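As given, the protein sequences belong to chains A and B, one line each in that order.
For the first sequence, position 145 (counting from the first letter as 1) is numbered 145 according to the working numbering, and the numbering increases by one without interruption.
For the second sequence, position 216 (counting from the first letter as 1) is numbered 216 according to the working numbering, and the numbering increases by one without interruption.
Be careful, since some hints might not be right.
Beta-carbon label-pair distances, calculated as ranges [stated by the list, open to error]:
(1) B:Lys79 to A:Ile49: 19 to 27 angstroms
(2) B:Asp212 to A:Ala35: 36 to 44 angstroms
(3) B:Glu11 to A:Gly141: 38 to 46 angstroms
(4) A:Lys79 to B:Val202: 45 to 53 angstroms
Don't read these hints as lab results, they were simulated from the structure.
Just so you know, these numbers come straight off a predicted model, no measurement behind them.
Just so it is clear, CB atoms sit at the ideal spot from N, CA and C, and this is done for glycine as well.
Number of protein chains: 2
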Amino acid sequence: MTTADTNKPAEPPTERTRLKRYHWLAKYDQETINAIIDAGIVCQIGYVIDSQPYVTPTNHWRIDDYVYWHGSSASRMLKEQQRGIPVCFTVTHLDGIVFSRAAFNHNINFRSVMAFGHGELCDEELKREALQVFVDRLAPGLWDYARKPTDQEWKASKVIRMKLDEVSAKVSDGLPDEEPEDLASNLWAGSIGLQLVQAPPVPDPKLRPGIDMPDFVKNFKYSR
Amino acid sequence: MTTADTNKPAEPPTERTRLKRYHWLAKYDQETINAIIDAGIVCQIGYVIDSQPYVTPTNHWRIDDYVYWHGSSASRMLKEQQRGIPVCFTVTHLDGIVFSRAAFNHNINFRSVMAFGHGELCDEELKREALQVFVDRLAPGLWDYARKPTDQEWKASKVIRMKLDEVSAKVSDGLPDEEPEDLASNLWAGSIGLQLVQAPPVPDPKLRPGIDMPDFVKNFKYSR
C-alpha cells in the first residue's frame with residue numbers, strides 16, 4: 001500500500017506475469033526466482049476442474065528449469081494435470097510484519113513466486129530420478145539410508161513437472177513506506193521479522209534400542 | 001503415503017470437501033478449522049479468469065463464519081471476485097518433517113484448510129469495520145495508535161469476504177507410519193519440528209528521537 005517506484009525491474013517474460021499491483025516489488029531474474037522456490041518445500045498448485053478453481057498445497061522441488069511435485073497414482077489432481085491442463089504454481093514465504101505510522105501503510109515482508117504452465121507426467125525413469133533428488137534435497141544422504149521403494153510403492157507414485165517459462169517473483173523486505181507528513185509525527189514504526197525455525201530432532205518412540213541418529217539428521221538445516 | 005485408517009472423522013459438509021487422499025487426516029469440525037485459519041495471516045486464493053487458474057497469496061482474517069481479504073480498489077483479482085466467481089481459499093502451515101525408515105514413507109507434518117465459495121464485496125461500513133478488526137488482530141491496539149485512513153485511502157481499499165460453508169481441514173502431526181518389516185529394521189526414524197518464530201522488533205531508522213516502542217509491539221506474539 002505504497003506509491004514509491006524506485007528500482008525498475010527487469011522485463012517480465014509475458015504480459016501475464018507482469019506485476020500490475022505493487023509492480024516495484026517485481027523480480028524477473030532467474031537467480032531470485034530459483035532462490036525463493038528452493039527456500040521452501042511446500043508450494044500451492046492452482047488448477048481448474050469443471051470451471052471450479054482448486055488450490056492444493058503439496059511438496060515441491062526444482063531441478064534446473066523445472067519444478068516437480070508428486071503424489072498418489074490415484075490422485076484426481078495428478079490425473080487431471082497429466083492431461084496438460086493449465087496450472088498456476090506458487091511459493092510464498094512470510095518474512096515479517098511492518099508497522100507503519102499510518103493504518104493504511106501497515107504491511108508484511110514476504111517473498112513469493114508465481115509460475116504459469118502445464119503439468120507433464122514424468123516417465124518411469126525420470127520419476128525415479130526426480131524422487132531421489134527430492135529425498136536427498138530434504139536431507140543429503142537420506143536416499144541411500146532408507147529402505148528403497150518396492151515395485152508396488154513405485155507404482156503407487158506419480159511425479160508431475162512443469163517448465164519454469166512464465167514466472168515472476170515478488171519480494172518485499174523493506175521498512176514502512178510512509179507519507180512525508182506521517183514521518184514527521186511522533187508515532188513509532190518498525191518491523192518484526194518472522195522465520196521458520198527448526199526444533200531438535202525427536203526420535204520415533206518405536207525406535208529399536210542402540211540405533212544412532214544418522215548424520216543427515218544431526219546436520220539437518222531447513223532451508224539451506 | 002500411508003495406509004492406516006484409524007480415526008473416523010466427522011462427515012464433510014459437501015462431496016467436494018470430502019478428502020479422498022489420506023482421508024484419515026481429514027477434520028471437519030469448526031474449532032479445528034477456525035484455529036488453523038486464525039494461526040496465520042497469509043492465505044492463498046485460487047480463482048479462474050479466462051479459463052486460466054490464478055493463485056494469489058494475500059493477507060486474510062476471519063470474523064465469525066467469514067474469511068476476509070483486502071486489496072487495492074484497482075486490483076483485477078478483486079474486481080473479478082466481487083462479481084461472485086468461484087473461489088478456493090486455502091491456508092497451510094508447515095509444522096515439520098518426518099523421516100521414515102522407508103523412502104516411500106517420508107512425510108511432512110502440516111495443518112491446512114481448504115474452503116470453496118464465492119467472494120462478496122463488503123459495503124463501505126462493513127469494509128471499515130472489517131479492516132479495523134484486521135489491524136487489531138495483527139496487534140491489539142494498533143488501530144487506535146496509528147494515523148487513521150484518509151477518505152482517499154479508504155477509497156483506494158476494497159474488502160472481499162467469503163462465507164465458510166464448504167470447508168475441510170487436514171492435519172498431519174504424527175510420527176512415521178511404517179510397514180511392520182521396516183519397524184523391525186535397524187534404521188533410525190523420527191521427526192524435526194518447524195515453527196515460525198519472531199525476531200525482536202526493529203525500529204524504523206527514520207524514527208524521530210524519543211519515541212517509545214508501543215506496548216502492542218513490545219507484547220507482540222505472532223500466532224496467538
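Right, here's what the structure says about each hint:
Separated by about 24 angstroms at the C-beta atoms, lysine 79 of chain B and isoleucine 49 of chain A satisfy the suggested range of 19 to 27 angstroms. At about 37 angstroms, the CB distance of aspartate 212 of chain B to alanine 35 of chain A agrees with the hint of 36 to 44 angstroms. About 44 angstroms separates the C-beta atoms of glutamate 11 of chain B and glycine 141 of chain A, a value consistent with the hinted range of 38 to 46 angstroms. At about 48 angstroms, the CB distance of lysine 79 of chain A to valine 202 of chain B agrees with the hint of 45 to 53 angstroms.
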